[in-house]
Amino acid sequence: MPLAVLPFPRIDPVLVSIGPFAIRWYALAYIVGILLGWLYARALIRSARPWGGRAPLDVLDFDDFVVWVTVGIILGGRVGYVLFYNFEHFLADPLEIVKLWKGGMSFHGGFLGCVAAVVLFARSRGLSILTIGDLTCAVAPIGIFLGRLANFINGELWGRPADVPWAMVFPGAGPWPRHPSQLYEAGLEGLLLFVILAIAVRAGALKRPGLVIGLFACLYAVARSFCEFFREPDPQLGFLWGGLTMGMVLSVPLFLAGLGFVAAALSRPPLRPARAESP
1 MPLAVLPFPR IDPVLVSIGP FAIRWYALAY IVGILLGWLY ARALIRSARP WGGRAPLDVL
61 DFDDFVVWVT VGIILGGRVG YVLFYNFEHF LADPLEIVKL WKGGMSFHGG FLGCVAAVVL
121 FARSRGLSIL TIGDLTCAVA PIGIFLGRLA NFINGELWGR PADVPWAMVF PGAGPWPRHP
181 SQLYEAGLEG LLLFVILAIA VRAGALKRPG LVIGLFACLY AVARSFCEFF REPDPQLGFL
241 WGGLTMGMVL SVPLFLAGLG FVAAALSRPP LRPARAESP
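In terms of the UniProt record's numbering, the sequence shown opens at residue 1 and continues consecutively.
Source of the hints: derived by calculation from the structure; they are not laboratory data. Incorrect hints may have been included.
To be verified - Distance windows between CB atoms, simulated:
# : residue 1 : residue 2 : range
1 : ARG268    : PRO7      : 50 to 58 angstroms
2 : ALA48     : VAL249    : 38 to 46 angstroms
3 : ALA203    : LEU95     : 47 to 55 angstroms
Here the structure is a predicted model, which means the values were calculated and not measured. Glycine is no exception: its CB is placed at the ideal position from the N, C-alpha and C atoms.
Put together the whole structure using the sequences plus the hints.
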């Protein structure tokens with residue numbers, strides 16, 4: 001046990017409450033994450049540098065896509081949590097599925113929801129699935145970062161017992177100091193992943209459709225698996241085979257798919273987009 005632990009900042013999960021309506025930090029994280037990601041994507045589309053010329057899609061196309069991907073994130077994240085993490089509970093009480101304000105979202109499910117949104121939207125507009133997917137993955141770490149901060153504020157998804165000087169005693173997690181694993185995930189899955197992908201985009205990754213998708217999938221899978229060593233498994237699941245957690249297991253196919261996207265993108269010559277139009 002450490003001689004001292006950091007106090008957990010008890011922040012009210014509800015940001016603003018007006019009568020029966022409440023705005024929670026978790027919901028705000030989704031809203032702000034999508035908004036900032038949308039603005040960043042628009043900046044990338046408007047810039048000729050990442051593409052070596054004019055971008056292969058218009059900002060108005062991406063504006064419309066934001067609605068599709070928002071629905072994909074929410075539906076996919078919720079369905080993923082129901083299927084991967086607590087199926088028996090929701091099977092016994094199906095009405096609990098729609099109670100999103102109680103929490104319970106799966107990144108891997110949300111990722112699959114994004115994939116479905118990308119494919120359906122791109123086909124409906126005659127756009128490149130890989131290009132839309134690359135832009136989505138380039139901005140995704142923004143939302144992940146904010147979402148993990150919201151998990152920390154909510155005092156949920158805490159870490160395993162620890163004796164490090166920055167350990168915290170989380171409400172509802174017993175008397176033991178624990179790793180603030182939500183902050184580890186915010187730093188690695190969010191901030192660090194965003195920086196690496198931004199560097200890749202600046203180096204011309206968007207010229208090779210599918211490369212950013214592959215890099216995102218591989219790097220997220222590695223970061224998530226690493227953080228799982230410090231995160232307490234979900235109580236209804238516990239540890240799986242050989243001490244693995246569900247987060248680790250779901251990250252394996254994500255990593256392998258990422259490798260496939262990277263290999264395919266590098267095997268093709270880079271795009272030769274039209275020259276940027278003169279102002």
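Quick rundown of the hints versus the structure:
1. Taken as a hint, the range 50 to 58 angstroms holds for the pair ARG268 and PRO7, whose Cβ atoms sit roughly 53 angstroms apart.
2. A C-beta distance of roughly 42 angstroms is found between ALA48 and VAL249, which places it inside the suggested range of 38 to 46 angstroms.
3. As the Cβ distance of ALA203 to LEU95 is approximately 49 angstroms, the hint placing it in 47 to 55 angstroms holds.
Figure legend: structure checked against the earlier numbered hints; every hint is met.
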